[in-house]
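**Q** Numbering (our numbering), first residue to last: 95 to 334.
Please keep in mind that the hints were generated in silico from the structure rather than gathered at the bench.
Nothing here was measured: the structure is a model prediction, and the numbers come from that model.
No residue lacks a Cβ here, since even glycine has one placed at the ideal position from N, Cα and C.
Some hints here could point you the wrong way.
Stated by the list, open to error - Cut-off 27 Å, straight-line C-alpha distance, at most; resulting in silico cross-link-like pairs (DSSO-like, lysine-lysine): (1) 149 with 292; (2) 158 with 309; (3) 310 with 292; (4) 329 with 309; (5) 229 with 292; (6) 274 with 323; (7) 241 with 229.
What the hints assert, rightly or not - With beta-carbon atoms standing in for the labels, derived distance ranges: (8) 238 with 176: 28 to 36 Å; (9) 245 with 142: 26 to 34 Å; (10) 202 with 234: 22 to 30 Å; (11) 324 with 287: 25 to 33 Å; (12) 245 with 202: 32 to 40 Å; (13) 140 with 309: 33 to 41 Å.
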Amino acid sequence: MQNEENNDILGKALMDFLHNREPEDVEVSNDLDHTDPYPIDYFFRDYNSLPDLEKTALKYCEGKVLDIGAGAGVHSLILQEQGFEVRAIDRSEKAFKVMRYLGVEKCRQMDFFDIEGERYDTLLLLMNGIGIVGKINRLTEFFEKAKKMLHPGGQIILDSTDIEYMYTEQDESIRIDNSKDYYGEIEYTMKYKGETGKPFPWLFIDFRTLCQYAKKNGFTCDILDTEGKNHYLAKLIFRA
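Input sequences plus hints: build the corresponding full structure.
**A** This is how it looks when you write it as structure tokens:
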């Protein structure tokens with residue numbers, strides 16, 4: 095999510111939904127020529143509406159939790175109700191206001207990479223949350239930051255998707271865009287009620303590549319759950 099007032103497309107949609115101001119789907123397009131509507135009510139689900147993969151993620155949370163890129167705070171609210179000490183952050187000012195309105199007790203408008211002096215037991219990144227890294231060459235920076243923020247034995251719980259299938263040609267061959275450092279680097283643009291936001295990078299990473307980076311940076315890497323052939327939930331533990 096973007097934090098500039100004139101570019102917080104998703105935040106505006108969240109606020110419209112919260113206050114019944116005729117919310118519409120957010121139109122999401124990418125540089126692979128895919129455009130899809132994104133129903134904004136997806137950010138306001140309750141526990142029973144979560145897919146099994148997200149329920150599994152919440153089940154594996156431990157100790158003090160940081161919910162990164164929390165959106166409307168759906169996962170933080172559930173963890174809070176379960177008795178966890180959880181803090182939610184998002185770059186979007188409007189998402190922060192929505193979370194606070196809905197009752198997330200500890201929430202801030204903040205970029206993960208700007209946090210200093212805090213320690214957690216679980217870093218939670220759901221809804222393809224590792225995408226905040228943007229580019230494959232920032233993964234090491236992410237892991238270095240995570241190591242500073244985790245207690246010994248702390249964990250990262252994240253989900254992502256192997257999007258190799260998006261490069262499938264009509265003859266079912268795979269044609270990867272070699273101009274990118276990694277095929278999971280996508281540029282997104284959001285449009286809402288006629289307003290178009292600035293393009294922003296997002297990273298989807300296959301499990302094998304994730305594990306390679308994790309192990310180089312002192313983390314174990316295991317799959318907790320899968321959804322379909324491409325979407326997975328992973329648990330990474332920091333071994334100091």
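**Q** If a hint holds in the structure, say so; if it doesn't, say that too.
**A** These are the hints, each one checked on the structure:
1. For the given pair, residue 149 sits about 32 Å from residue 292 by alpha-carbon distance, which is inconsistent with the 27 Å threshold.
2. Restraint check for residue 158 and residue 309: satisfied, since their Cα atoms lie roughly 24 Å apart, inside the 27 Å limit.
3. Using a Cα cut-off of 27 Å, the hinted pair residue 310 and residue 292 is violated, with the two alpha carbons roughly 33 Å apart.
4. Taking the CA atoms of residue 329 and residue 309, the gap is about 12 Å. The hint holds against a cut of 27 Å.
5. For the hint linking residue 229 to residue 292, the alpha-carbon distance of about 17 Å falls within 27 Å, and the restraint holds.
6. For a cut-off of 27 Å, the pair hint linking residue 274 to residue 323 stands: about 23 Å separates their Cα positions.
7. The hinted pair formed by residue 241 and residue 229 meets the criterion: a straight-line CA distance of about 19 Å does not exceed 27 Å.
8. For the pair residue 238 and residue 176, the supplied restraint of 28 to 36 Å holds, since their beta-carbon distance comes to about 30 Å.
9. A hinted range of 26 to 34 Å holds for the C-beta pair residue 245 and residue 142, which are about 32 Å apart.
10. For residue 202 paired with residue 234, a C-beta distance near 25 Å keeps the hint of 22 to 30 Å intact.
11. Look at residue 324 against residue 287: about 31 Å separates their beta carbons, and that is inside 25 to 33 Å.
12. Distance hint check for residue 245 and residue 202: the Cβ-Cβ separation is about 20 Å, which falls outside the suggested range of 32 to 40 Å.
13. Checked against the given bound of 33 to 41 Å, the beta carbons of residue 140 and residue 309, roughly 37 Å apart, stay inside it.
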